[in-house]
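Asker: Chain by chain, the residues:
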Amino acid sequence: GRVNLSRPDHKFWVIEQAADSTNNGLPPNMPTRVFIGREVAVTDRTVATKYELSRRQYLGPTAMDAELALLMANQALARRGALMYDPFVGTGSILVAAAHFGAVTMGADIDIRVVRDGKGPNRDVWANFHQYSLSPPVGLLRADNNCPPWRQDLREIFDAIICDPPYGVRAGGRKSGGRKILNGVTDPYSIAEDLKAAHIPSTAPYSLEECLHDLLDTAARLLAIGGRLVYFYPAAREEYLPSDIPGHPCLRLAANSEQILTKRWSRRLVTMVKVERYSDDMAAAHVAAHEWFRKKQIEESKLMRETEEAGDLGGVGEGGEKGDRKGEKKGEGERKTGRSFHDLVFASRADEVAGIHQEASVRGMRDERGEGGRGTAGTTDGAKGAGSGLTRKAAKAAKQASRPLYRAKCV
Amino acid sequence: MKLLTHNMLQCTVKGVTKGYPLKIEAVKYEEREADFNPDFLRHIFPKIDFPALREAAEALGVTDLPPQADASMLDDEDFLRKFHHALMEVHLEEGALICPETGRKFPVSKGIPNMLLNEDEI
Chain X
45 GRVNLSRPDH
55 KFWVIEQAAD
65 STNNGLPPNM
75 PTRVFIGREV
85 AVTDRTVATK
95 YELSRRQYLG
105 PTAMDAELAL
115 LMANQALARR
125 GALMYDPFVG
135 TGSILVAAAH
145 FGAVTMGADI
155 DIRVVRDGKG
165 PNRDVWANFH
175 QYSLSPPVGL
185 LRADNNCPPW
195 RQDLREIFDA
205 IICDPPYGVR
215 AGGRKSGGRK
225 ILNGVTDPYS
235 IAEDLKAAHI
245 PSTAPYSLEE
255 CLHDLLDTAA
265 RLLAIGGRLV
275 YFYPAAREEY
285 LPSDIPGHPC
295 LRLAANSEQI
305 LTKRWSRRLV
315 TMVKVERYSD
325 DMAAAHVAAH
335 EWFRKKQIEE
345 SKLMRETEEA
355 GDLGGVGEGG
365 EKGDRKGEKK
375 GEGERKTGRS
385 FHDLVFASRA
395 DEVAGIHQEA
405 SVRGMRDERG
415 EGGRGTAGTT
425 DGAKGAGSGL
435 TRKAAKAAKQ
445 ASRPLYRAKC
455 V
Chain A
12 MKLLTHNMLQ
22 CTVKGVTKGY
32 PLKIEAVKYE
42 EREADFNPDF
52 LRHIFPKIDF
62 PALREAAEAL
72 GVTDLPPQAD
82 ASMLDDEDFL
92 RKFHHALMEV
102 HLEEGALICP
112 ETGRKFPVSK
122 GIPNMLLNED
132 EI
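Sequence order for the protein chains is X and A. To convert, note that position 227 of the first sequence is 271 in the working numbering; the numbers rise steadily by one, no gaps. To convert, note that position 79 of the second sequence is 90 in the working numbering; the numbers rise steadily by one, no gaps.
It is worth saying that the hints were derived from the structure and are not from the lab. All C-beta atoms in this analysis are idealised placements derived from N, C-alpha and C, irrespective of residue type, glycine included.
Computed cross-link-like contacts, SDA-like style, restricted to lysine to any residue with a CA-CA straight-line distance of at most 25 Å: (1) K58/A x D324/X; (2) K58/A x R195/X; (3) K39/A x D161/X; (4) K25/A x E253/X; (5) K58/A x W194/X; (6) K29/A x D197/X; (7) K121/A x H174/X; (8) K13/A x D81/A; (9) K93/A x G125/X; (10) K58/A x C191/X.
Example chain A residues on the side facing chain X (calculated, C-beta under 8 Å, incomplete): (11) M12; (12) K13; (13) L15; (14) N48; (15) D50; (16) F51; (17) M99; (18) M126; (19) L127; (20) L128; (21) E130; (22) I133.
Turn these sequences into a full structure, and let the hints guide you.
Answerer: Below, the structure written as structure tokens:
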């Protein structure tokens, strides 16, 4: 065809390789090898700069680093017309990357303030998409990954599920149900009709194990055949074994790469492909597992209470009963008993960690409603949607913490 | 909240057997243009409960969807445009989604439905 240098249909590269010779600083006379090829695909590292977190409209301490988000979107095969879902959407950082590749996106979060309110007008999830002229998500919901709101017969609708699940037990994920109810201390209580509209349901800690179990079930159910689940799995480097990565009969492990964060911690980018249809047996097994987790939680909490009563733990572990009532107390308890994984990962500097906890405890003080559920949720909320100056610092720390030490190792 | 999202949701309160489709109480809604992507529409069509979409669209003032639809209609651009409009361009900003079995309301505020269950519903 005709050559068009300004807008070519095909690009060809000629690469000359020369022997290591000097020619007074001039290029060598004769190349030893010449390569000619047609350009098939090209990586574009400038894209990561375009989406750099430091310039993002709306940030939270757990916003995914732009380069990593793009990597995740790539692993998920984000492309025009594909539908991708993030069940822990937060500020939307991962969906932004998916939208960059043209995907249609949808997100959910249990924390309504992060997803609906953001930090005010023009500083919310929508603003993040508007900032880059990307098509905004077609749906954002407040939903619990543990009690998802999907139509029962809904199957195989997403092309990918990409997310960064909450890692920690204390300052990490939340699921529905007051702690005391789930621990069997009190019976489920009803909210008076006239208070229902304003009621904020209590939430309880959501262990990584149960969280991933639910995530895999959702993926098995809602991914199209060939669709992908891409998520980060936290690992203590000395103890990690490949068999730690959870599995599911519907999902085949396609990739597992390590990102080293600190000497002790790394996280693994896991990619799974949906290969089999979800069956009724699997649905029944999931219901049984859900019950099993609940029972286990009741037993563990009972053991915890008995130990507390017998001894001097007070305020440790799952927050304790005392920690519940005052978010402020809970914030202090956090500082004393150790940092959550997210703190370790995203706040490599001590002032960042202190800042996140301080913000969390301030939130705990402001929000005293509910059975301590709100107070405890304050810890997570603080970690997610904190004040402006803080989160920019935290975002920078996040970038520093998560970027330079990348090492890919497919197991 | 677009009707694509609405089409995927149900009431999951403990004990409810038919929490679908959710009725719409529309307090504030509007139409917003969205990228017309025929590939996406054809891809998503088999997953959509069409009667539920039609009923929901009517609650938001969109009445031009045919009573039934099947895959063969996806070749017709006119139908695709109507489908696109109902699914992706009508937006419920304020209101509620109502369980057809129990009447339980899931509020929608700033376009975001709150599907969290209360302590006695899980």
